Amino acid sequence: MKTESRLEKVFAAGHIAVTSEVGPPRGCDVDIVEKKANMIKDHVDGINITDNQTAMVRMSSIAGAVIVKNMGLDPIIQMVARDRNRLAMQADIIGAYSLGINTMLCLSGDHPKFGDHPTAKAVYDVDSVNMIKMVTDMRDTGKFQGGADIKMPPKMFVGAAANPFADPFELRVARLAKKAKAGVDFIQTQCIFNMDKFETWMKGVCDRGLDKEVKILAGITPMKSVGMARYMKNKVPGMDVPDEVIKRLEGVSKEQQPEEGIKMAIEQMERMKEIPGVAGFHIMAIEWEERVAEIVEGAGLYPRPQV
Amino acid sequence: MENFEPEIVAFCCHYCAYTAADMAGSKRISYPSNVKIIRVPCTGKVDAIHLMKALEKGADGVYVAGCLEGDCHFKNGNLRAKARVARVQKFLEDLGWETERVEMLNMSAGMGEHFAKTAREFTEKIKTLGPNPVKEVKTASKAV
Amino acid sequence: MITAEQKPIQEIIGYIAPYGKILLVGCNECVTVCAAGGRKEVGLLASALHLNSLKQGKTIDIKEITLERQCDPEYVEELISYINDVDAVVSMACGCGVQTIAGRYNTPVFPAVNTKFMGASKSQGIWEERCQGCGDCMLGITGGICPVARCSKSLLNGPCGGTSAGQCEIGPDTDCAWRLIWERLVELGIQDRYEELNEAKDWRPAGGAGPRRIIREDLA
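Residue numbers (our numbering), protein chains in the order written: chain A, 166 to 472; chain B, 2 to 145; chain C, 859 to 1078.
Derived from the structure by calculation, the hints contain no laboratory data.
The structure presented is a predicted model; accordingly, all values stated were derived computationally and were not measured.
Among these hints, one or two may not hold up.
[Said to hold, decoys possible] Straight-line Cα separation of at most 25 angstroms, DMTMM-like style, residue types lysine to aspartate or glutamate; simulated pairs:
no., chain 1, residue 1, chain 2, residue 2
1, C, Lys1059, A, Asp290
2, C, Lys921, B, Glu122
3, B, Lys126, B, Asp48
Please put together the full structure from these sequences, using the hints given.
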């Protein structure tokens, strides 16, 4: 074992892992974090705490993670390359680890243009691939990115994102290979709606044996309504929502759409369990944390293993 | 103000508006003598600076009359002129001037009637706007 | 070339309000090519400033001159014969030109353009950024397309997950630089190169530690 991460232990024991996420509040309300975490705590192996998601200022990921950690749970901090240079990143990684956090996700981050501070200067000192390399090097060689030795290096279990759908498609496996080469331990994918395309991507991943190097958690987002499905199709960068998803939601009454959305998510997970290389699920129930439990149960992934 | 007779400069393309003016003359269709025509080989030859200088020197209104869009003898000179007129209008707007003092018009060589009509309309419009504010200063400085 | 765009005219008017005699200086280099501060634009700006003064019942004395190269002390020296007759200088060159004049003469100098970026002409009237002067050119390994200048996140190992239909997440009118790089590598038959890790960049040559400097011993 490289780390103390619960997620790593779940993988090591051969279980299908389940993670989900909590978006911290745009203010200091600790209760919100606790409330959201409580809704999912018994049904996941790790809880992502997002980092200024969609480039909107929120309570910091590390602070949110500490709150979750103090509840006896297993937070996964997210870190975006947009907001920090390599000094700040390493300082925060050490700081987070010192506070008991042992799992993290390295991301590029949405461009500031989309958020509530569009006048901000984006940092992008290192990209997500080099962030992976930096934090795995800190763990495995005990060295800072600048080359100096770290006294008591942080031992992070390191994840990253992958978007199996963004263009050009043929580059998507190659980009994952690059992250694997940089040392990433696990991947949480973008929300998957186009199952055929996802299967093609997974096949590409397995053909190169990348599933042996990296644990892949498939991204699941239940649709609340046909409106949400249309929005994700048309407005969210890099999203691939096939028409059949929209049609199926259109086929039921407005009141039934949330139930249909949950049902679709569960069916998706059942199908994905059969896809070679899928090592787990990352459930992104956007402002819908209260339904995560039933999705996990519906997919036959409850109770979670004790590791 | 009642006696105000504006001075108007019209940059007219040889292949259309200038010929149209000629036709208006030969057909005895009258148009205001306020309009002073400058013949150009193509309105694409008219640069922003020409329009600016005309205003600077006291013209009350300036217009560029080129071929109908799509009919430029030199393919797209009239479209270039249109863009330059727009640019000068932007200058005037930023300076707090009336943008209507500068305009782009289009017509064909056979439109003598139209030439006269637009010349009258433009002159009337400038009469309503009043004299180029530059004039007062010019007159005052001459008096000194 | 270095690209620039004229400042809002009211800003320029604000700068020169206290002065009666102005030396308006253009430059024959980059700003001429991008139609921001060459001889033509000097004429137009002078005319606009005249119109503005005249409307307010005043006159303003503007001497127009366009130098061969405003970022070169040798050419800026030419202003010596005019500088004593003016109250202020308005420069239509890039920031380098403005500073060369400011460094040479004891007369107030104001910029008339905003210097934008190092770019190339895409088509008539359209210029696009192509170089950020990072000081350590990596075009040799990215198929001749710069990820530092053209990826909106300057990713050295892109593309990120935000690309849609081959365009950048910041907007459909911006090509994803890494899509371009990939297509180019494929075209050249060297797509294997893509998977080589481009390590975290040394940003020192890119500036941020005082003005960067080149010294050529053989020329200095």
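Tested hints:
1. In summary, the hint linking C:Lys1059 to A:Asp290 is supported, as the alpha carbons are separated by about 8 angstroms, within the 25 angstroms threshold.
2. Restraint check: the Cα-Cα separation between C:Lys921 and B:Glu122 comes to about 38 angstroms, which exceeds 25 angstroms; the hinted pair is violated.
3. Of the pairs offered as hints, the one joining B:Lys126 and B:Asp48 holds, with about 23 angstroms between alpha carbons and a cut-off of 25 angstroms not exceeded.
Of the numbered hints given earlier, the model fails hint 2 alone.
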